[in-house]
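Colleague: Using the hints, position chain G against chain X.
Protein chains: 2
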Amino acid sequence: MKALKGFRDFFPGEWAARQYIFETWREVLRRYGFVEYEAPMLESTELYKKKSGDEIVGQLFNFQTRGEEDVSLRPELTPTLARMVIAREADYKKPLKWFSIGRFFRYERPQEGRLREFYALNADIIGDDSAAADAELVAVCIDVLREFGLTEEDFVIRLSSRDGWRGWLRDKGFDDDQVGAILGIVDKIERGKPEKLEEDLAPFKLTLEEIRAFIDQPGDQYFGRTRQVLQNLEQRGLADYCKIDATVVRGLAYYTGLVFEAFSLGKARRAVAGGGRFDDLLSILSDGKMNLPGMGFGMGDVVLGNVLEQTPAAAELLREDVATAQGVEVYLVIADEKHRPEALALAQNLRDAGITVDYPFTPTKVGKQFGAASSLAERAVVIGGEWPRVSVKDLRTREETELDHGVLVDYFAKLREDELVDFLEDED
Amino acid sequence: MKALKGFRDFFPGEWAARQYIFETWREVLRRYGFVEYEAPMLESTELYKKKSGDEIVGQLFNFQTRGEEDVSLRPELTPTLARMVIAREADYKKPLKWFSIGRFFRYERPQEGRLREFYALNADIIGDDSAAADAELVAVCIDVLREFGLTEEDFVIRLSSRDGWRGWLRDKGFDDDQVGAILGIVDKIERGKPEKLEEDLAPFKLTLEEIRAFIDQPGDQYFGRTRQVLQNLEQRGLADYCKIDATVVRGLAYYTGLVFEAFSLGKARRAVAGGGRFDDLLSILSDGKMNLPGMGFGMGDVVLGNVLEQTPAAAELLREDVATAQGVEVYLVIADEKHRPEALALAQNLRDAGITVDYPFTPTKVGKQFGAASSLAERAVVIGGEWPRVSVKDLRTREETELDHGVLVDYFAKLREDELVDFLEDED
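Chains as they are written, first to last, in numbering that gives the first Met the number 0: chain X, 0 to 427; chain G, 0 to 427.
One chain only, chain X, in its complex shape (with noise of 0.2 Å):
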């Protein structure tokens, strides 16, 4: 028996380098003031149908419950972040900074960078429709890929804007089901065919020409809040991480105002993270009830991985981290089985101490004891004939203490306290 098609068995190696990611996401997410919140795995079929493009809805996982609820395994978070946000929004400061991690589920075909369930990251503002909140919102995309160990040689930030762009085909005399047709067909100007791209223009008597000369230079007019957005980005010094590109239009049908992508510029040229404005979702799923202005972006966790893997100096950071989170301080060796229950109150005092240890459960050749040992563990403590005192083995340099017991706890905790300074020092 496997895994089911596009579902993922995480073993604890793979799961290692996911928890590499999502601790990497939260810790970045955190200097940024951004707190986190979850939210069920299943929601109603109707949350989805009231708000989303027909993509997603057609990719949903939905089933009758035995109670004949129409339920949905959830295909993204934004649907439910506003159902939360329109039952408690006045519990909580504007503008809220809020990211979730969690799992999300799509009934698609399996490939490469594409599973039936993945894990994103969403980080979203509500509340404040600043161009200073878009560009906080691009900033921490862009530190979240950098402390992956990703530069401006491995992936940029296209900043473009919706509203330049239904501002543009207004003033040509468009309607919003025209807006939207046509900026369907633009979202397709990087991969389509250039004849089928002018066909499917012919209907609303506008050229590839045209649309190409819009993008090479949006005006002021339509683009002038984007030109914003990168100004502040600039201040902070993440400049060379992006730049405007009115190629842009992302897939989703409630974006408003700003929309941007997170571009590979590695092996695999795809987007890694995407999101925009969606300043009238809130007004839409609660009838008009409430208007908050909102924004937010995801990245998900299989083409990021496949990034990572394909960076080298990223992929270096994410081995290093997989190592040593599968490892244990000390191993303790038990050369003589006389002093067993010893050893046992002395994992417990060690583990009491938050000092991760492990040892043999039945009596284990000493040798074997040792292989083990180095294969897990920084430290063997072994107990012997010289009982009360052990030896302390450091495993990679070899290096022999002989101690009291009695005194270990005191031992490892300022080991490590003395290696937390130590790496503090380096890291200033």
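Hints were generated in silico from the structure; no laboratory data involved.
Repeated chains share a single entry, so a pair holds when one copy, or any two copies, can fit it.
Below, computed lysine-lysine pairings styled on DSS-like, alpha-carbon distance capped at 25 Å:
1) K1 x K93
2) K1 x K288
3) K92 x K392
4) K49 x K288
5) K187 x K204
6) K266 x K242
7) K92 x K367
8) K242 x K187
9) K364 x K92
10) K266 x K192
Modeller: What follows is chain G alone, placed relative to chain X:
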């Protein structure tokens, strides 16, 4: 629109409380040398039919996908773990000490302590059949509960043995089916009416008195190994947290040897965790191709959360963690808008150094900025007319220090290091 019945929205404060539970689980399991894994949220329904008691199959959220696979949201992790171990057992040294923290789903009527979606810790030891391994698993369960601030006044581990019960009943001439049926009755002994229990036992020619006599003093030929486990726990200094209590048989059909539960002694007199040995499960699920002993326990977040809330010392630890998890270290008060670009650059520098920072996106009155700072941060940095000098204000002590902005990264890194070393020294 609300969350579905039996499902929870986790707003930031509520989620911080869950994260505190997860991080505590993780920390203690790591101390014992357990490594973390994860698995799909959705499995083939077949996996549960093959192994689980009827109780669980009747409570599945199961459905047909568009591709007509019969799938279920996972109600528990053990069948998945068995599936994974069968697939890659040869890659890992035995014993495996694995844990997982994840979500589970049961379609049952929501009530106190039972929801349709919940989180659980699962910890398992695979590939070791010793009483020493039994004791290790019980010990880590005890230490998880102690880490939350619970004491021997708040819970007790009740140790029992399926093997012991089976041996006694076989010696009385019962076959396996009868043993299963009788243990089903024993499982209800604490809550059931005596007359009803007598009536259920009658077909087996057993009396409640006989059952109670066995529970009072299960002979060494049946519970000798359970006493060995208890002795091992005594050697660790954990005797005060455990007792042998043959009343416990645990519901799941696949348990073979040790069974145990952590029973809350506070207001909610019920099990907060439970588990046992399942030495036949891997053989059953692999159709006899593999035969590794195994054991594990689970601890859900719902009952545990209630117990923590109801136990003052534990509730206090939880509250402290939730409060610190949501603030930032530094709030930038922009007292002179002229210096906003420099404030943005400063925010970036501090965040690059790992310091958590917030600030107002748009021009805001200084008093209001201090209000936001006080509710969020430990310290405010005031950026005003004295730039490049800024003042750092400790928002608890009101102490103020004037500094050049260029030394702030070092200043806050040093503060954090001092606080960390103080903290470590307090811990010693």
